[in-house]
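Spelled out, the chains give:
Number of protein chains: 2
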Amino acid sequence: MNCLNKLVLCFFCLIFPVALNAQVHPNIMLSKANVPAVRKGVQNYPLLKTSYNKVKSEADKALKTIINVPQPKDGGGGATHEQHKKNYLAILNCGLAYQISGDQKYADYISKLLLTYAAEYEKWPLHPKRKEGHEGGKIFWQSLNDFVWQVYVIQGYDLVYDAISPSDRKTIETHLFLPMMKFFTVDCKPTFDKIHNHGTWNIAAVGMTGYVLNKPEYVQMAIKGSAKDGKTGYLAQIDQLFSPDGYYTEGPYYQRYALLPFVIFAKAIQNHQPELKIFQYRNQLLSKAISTCLQLTYTDGAFFPINDAIKDKTYESAELVYGVDLAYADIKAQPELLDVAQKQREVIVSDAGLKVATDIAQGKAKPFVYTPQLITDGPSGNEGGLGILRYGNNDDQQCLLFKAASQGMGHGHFDRLNILYYDNGVEVFPDYGAARFINIEAKKGGDYLPENKTWAKQTIAHNTLVVDQSSNFKANADAAQQQHPDILYFNADPNLQVISAKETNAYPGVEMLRTTALLKVKELEKSLLLDVFQVHSAKDHQYDLPFWYKGHLVDASFKLNGKTDNLKALGTKYGYEHLWLNSEERAASNGGYVTILNNKRFYTTHFTADSSLMVKVLSLGANDPDLNLLESKAFMLTAPKVKDQTFVSITEAHGQVNSVNETTTGASSTVSDLKLIYSDQNQVKLSFKVKGKIYSYQINYQNKEKFIQLN
Amino acid sequence: MNCLNKLVLCFFCLIFPVALNAQVHPNIMLSKANVPAVRKGVQNYPLLKTSYNKVKSEADKALKTIINVPQPKDGGGGATHEQHKKNYLAILNCGLAYQISGDQKYADYISKLLLTYAAEYEKWPLHPKRKEGHEGGKIFWQSLNDFVWQVYVIQGYDLVYDAISPSDRKTIETHLFLPMMKFFTVDCKPTFDKIHNHGTWNIAAVGMTGYVLNKPEYVQMAIKGSAKDGKTGYLAQIDQLFSPDGYYTEGPYYQRYALLPFVIFAKAIQNHQPELKIFQYRNQLLSKAISTCLQLTYTDGAFFPINDAIKDKTYESAELVYGVDLAYADIKAQPELLDVAQKQREVIVSDAGLKVATDIAQGKAKPFVYTPQLITDGPSGNEGGLGILRYGNNDDQQCLLFKAASQGMGHGHFDRLNILYYDNGVEVFPDYGAARFINIEAKKGGDYLPENKTWAKQTIAHNTLVVDQSSNFKANADAAQQQHPDILYFNADPNLQVISAKETNAYPGVEMLRTTALLKVKELEKSLLLDVFQVHSAKDHQYDLPFWYKGHLVDASFKLNGKTDNLKALGTKYGYEHLWLNSEERAASNGGYVTILNNKRFYTTHFTADSSLMVKVLSLGANDPDLNLLESKAFMLTAPKVKDQTFVSITEAHGQVNSVNETTTGASSTVSDLKLIYSDQNQVKLSFKVKGKIYSYQINYQNKEKFIQLN
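Those sequence lines, one after another, are chains A and G. Just so you know, the first sequence maps onto residues 2 to 712 in the working numbering. Just so you know, the second sequence maps onto residues 2 to 712 in the working numbering.
The following block holds chain A by itself, in its conformation from the complex (with noise of 0.2 Å):
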């Protein structure tokens, strides 16, 4: 499309339609023309029922509060910050119950509501407690929250806009929304115009609200950019935010938060001007981008926790509600996405959500596939990537998730080649995640605490290689940033799903290669994991591979030598600060096992390596004043001095305890004689017996076609 062309759709699209449409309201969620039928389907849906009963459940206690809009003073979690998102939820909960239920009530309540903002928000300086390094806002302590204010008043405006007077919506514009508007694009013009979560907000608060004002110019801001010439704006994030596997950058929490201005909006364009197909943009991005975030969970619903993520976050959140109804009502009606509605156990109350409860009501569900796959990340889909194996039915599943994707920005963390292993329903080499206790106030205002940073996001708090117990980079974001591992090869055969990467620049001269496999035998019911860590490097180096996990060690092959008396912290920086040494034995030069028992399971890992190992067990709490972090446990294999290394393992999972029943089978790995036979850059070979069967398993990094072969 040359640029004439590109002008004319530009103005066809932005301002031509948006003047047309923009007397219909509601039209963003919930479609005027679509309100009878929803109203119908509230009565007829079970899951529609149910969220609309929710709702308005939600917005009968709404409208039996007294209308409080207080003078913004606290930050995440405090009594200011809570009330705020209370109304935002309140006007958005009262919109819909207005449009199913007819009661004007509810409209009253919004109007009373905003015009109660209105009479306050011009007087409300920046907040009182933003803090350095994050752009402040008015409402809340960071602009991203009044961004996320808005996104959700304006979707309830837009369902009242009809039932509140024009001289009230008059006020309502000139003194809340209007001024909101220049506060977003011109005092936050910093975020408006940053390819990251939290322009997006900003954007979809910012389109939107043009939509249902019918200001053009602010739609066009957001689409294109404040220039509006489109290095900016809503097209620009997601051609650069997405890789074309649909992944966003700064991981599966981030992304699952980020999708929903990006749905929002989509909708909201798709419905004032169809013809910009946004559905259909960069190849169905933002249906690619729902269905990666749903892949990027166990199978209990959570997200994988890599990089700043809150651990308790699953698909049922609030942003997946509404990917899934969007992405099978307004992009591609896949059976299997009603599967992850019915265990969201809600819709949107909205013309997606109506499709979507309909089709379940009608049996159309189908299971939901957990797929093993390579998801690469950057916007060219060439800065390495995530690697996820999975073995075994939903409700016993093996996952490996193999983390070799780039830093991912702020919220990245220094785990180049990290692996995070669930089974059985639970974590078995878990991620710790971000250090945060999010919404408790006591807890530096809910924020990220100093050991997200001390600790969280260092190498060492991760399942892989340490050089010199230091972290990937010095744990300099910048430098990281500007390097990703690269992919050498993935394959997803059921019986032996492999991912392998290289990572060459987060240790000056230290190459590191792992390469993980699920290797199912046929002596077996559950895979083996099979873990090769190979590093290379012209001088001596530390290197420490952690295992950390869930459960409690109860065997080993070499004797546990537990400190009984003063723990020492294993060091002083790079999180090693933060490390108890709770013991410390020589493994016998050919390796050993430590067996885990998590979940009424047993874990048995296996390891040998090319130079004798150290075996340490750790555990997490030293030099942490405030008691901040959360019990967590690992096992440590540390080569002292050496140039070149190659770990190896192999994880079984094996036997069952009931304790109920008071029963114990297999506690006794049927894996032996793991040895490493040959390693170098080409190629490593080693072999191990299965109930005595030999079998021998061969990487060749030169030889795309023979990358592994097992015999």
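Any given hint could be a false lead.
Chain copies aren't distinguished; within one or between two, either way the pair holds.
[Claimed, not checked] SDA-like, lysine to any residue: derived pairs with alpha carbons at most 20 Å apart:
1. Lys-551 - Ile-439
2. Lys-634 - Leu-621
3. Lys-333 - Gln-105
4. Lys-601 - Leu-631
5. Lys-445 - Ser-669
6. Lys-521 - Gln-374
7. Lys-289 - Gln-374
These aren't lab readings, by the way, just hints derived from the structure by calculation.
Given chain A, put chain G in place with the hints provided.
Frame of chain A; chain G shown alone:
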């Protein structure tokens, strides 16, 4: 009843009917006359059908294995141990499968297996892994397991009796059962005549074998003791092992275990000698014991883990399936028991199971009701007891267990006046239970660990007062067994449930009184846990009152001051050697608070006392070379040097964290201004505010009518 009458009864009951009925097989859990009805029931009633399918599937699995009767050599959890356990279960399952299906192959399997045992048994010496202080078995490392083996096996044998040829029966009886009877009654005579759960298993095995083999002599010994004088034996055990409230002195975990031989043998007696009216014995004691056992669980079905207890044990365990089915079918058809049977998801394939499954299918079940109650201990009910306070429905119940029971023999812990607190489906102030990885061979053969003695039994491991860093009775079990606390008061008023008890022997010259309440005030939805621990002494002592907690400490009234390095053990003995001192702070003179976040709910414990307090934060793990101890955390109130001391605390459950929606409500406690106004040996008076309203709470030890006054 005079002696002559007794003699007549004995003669009538024990000799004549046994001889008469012995020809009928089967006649224990499943009786011959009922077989057609059970066969039909297996087709018609879902719970019986599922249960039978499980039995049959296990039986079919057994039939596919090679007969394996290994020479006994391994301890608990080891291969021969587990194989002999498998064998007895196979025998019972095959016996049932034979009766229901009529298929001879199941009987043949049992016959073949028992003939193999008969060929081996007499050659086996005492078990090589037997331990000092434990009576060794022949099949298992302790005789107990041999008794259990036979309780199962004799039932299976009874089920296929008629399907085994007389000559094979003769071989089995002559070379297995009769030598075993000799072993049980002669070699294991000390246990046979011991008033103890091991004795019950022995007696049940012997008595049931007596019935099935038509050897009245053994039945008589079982019921009346080896001397047949009633001083020991089954009836003496019912008299002495249970309190009038049906409490078994070792605690719920062992009560569950002890119950099984009681109820199975009772059923055998009932079928062979109904005129003994065994289920009516001692005012329906067995029914009470089953009901009490159920009441000694939290709403998740897990037994209160006082004394040596494995914590995952619930009323789903096989023993209570037997107990509940028999209690319903043979003693009293309480519809609430059907609710428990439904939660157990199985019934015994038996006369009783048929009745339970039928009545469930007919919709007769009513919800099981947990009732606040005092359960007395001691054969006469005057040796202290357990107070259970409960507030709220089963789906979100606050529950307080107050332990003022007697020592409970060898498995008892030194935890006089201990409390356990539950809420929201989880432990809030837990009990460690036993230090044991049951059936995990690598952990001391699955037996109690050394830390059971050095840690789990010690006073400091519990939520009760420790004087001078020592344990109750200096951890001398024999001394402790001689003394019991006294219950001062109990009230089950729903809005003010109170338990109060006194212990004067645990520490010489120290009187301890504890009064704990669940108090519902109208300002709050949940009740408050109000705890007053008073201690009197003529001399100075150090008083430590730990609160072991689950969750994470998120707030405190004082600045936390976590030890950053060189973590030290808190003491050198009585369990203190296992504690790390994580932080230590002086609380302000008027007390303070600590807030824990546990399972998304906050628990704030406000505390005060009549002398200033230190608050220590502790974690478990010092002096644990084998890494046997489980993660555990406590905050502890310490009065370093005082004579009299009153510790007052109020724990409020409040607020909610929703990490899917990222919302937090009610993070701050609404209780304030806790004040200890007055305290002496007659009275304690305190006041506090809830949402600004002042409450005054007074304990009058000398006034049972007005023991608690609340204004």
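Tested hints:
In this assembly of identical chains, the alpha carbons of Lys-551 and Ile-439 lie at most 20 Å apart only when taken from different copies (19 Å versus 22 Å within one copy). In this assembly of identical chains, the alpha carbons of Lys-634 and Leu-621 lie at most 20 Å apart whether taken from the same copy (7 Å) or from different copies (14 Å). With identical chains, the CA atoms of Lys-333 and Gln-105 are never at most 20 Å apart, being 36 Å at best within one copy and 59 Å at best between copies. When the C-alpha separation of Lys-601 and Leu-631 is checked against a cutoff of 20 Å, the pair qualifies only between copies, where the shortest distance is 15 Å, while the shortest distance within a copy is 22 Å.
Taking CA atoms no more than 20 Å apart as the test, Lys-445 paired with Ser-669 passes between copies only; the shortest distance there is 15 Å, against 46 Å inside one copy. In this homomeric assembly, Lys-521 and Gln-374 come within 20 Å of each other (Cα to Cα) only inside a single copy, at 17 Å, whereas the closest approach across copies is 54 Å. Taking the shortest Cα distances, Lys-289 and Gln-374 sit within 20 Å of each other inside one copy (13 Å), while across copies they are farther apart (58 Å).
The structure fails to meet hint 3 from the earlier list, while all remaining hints are met.
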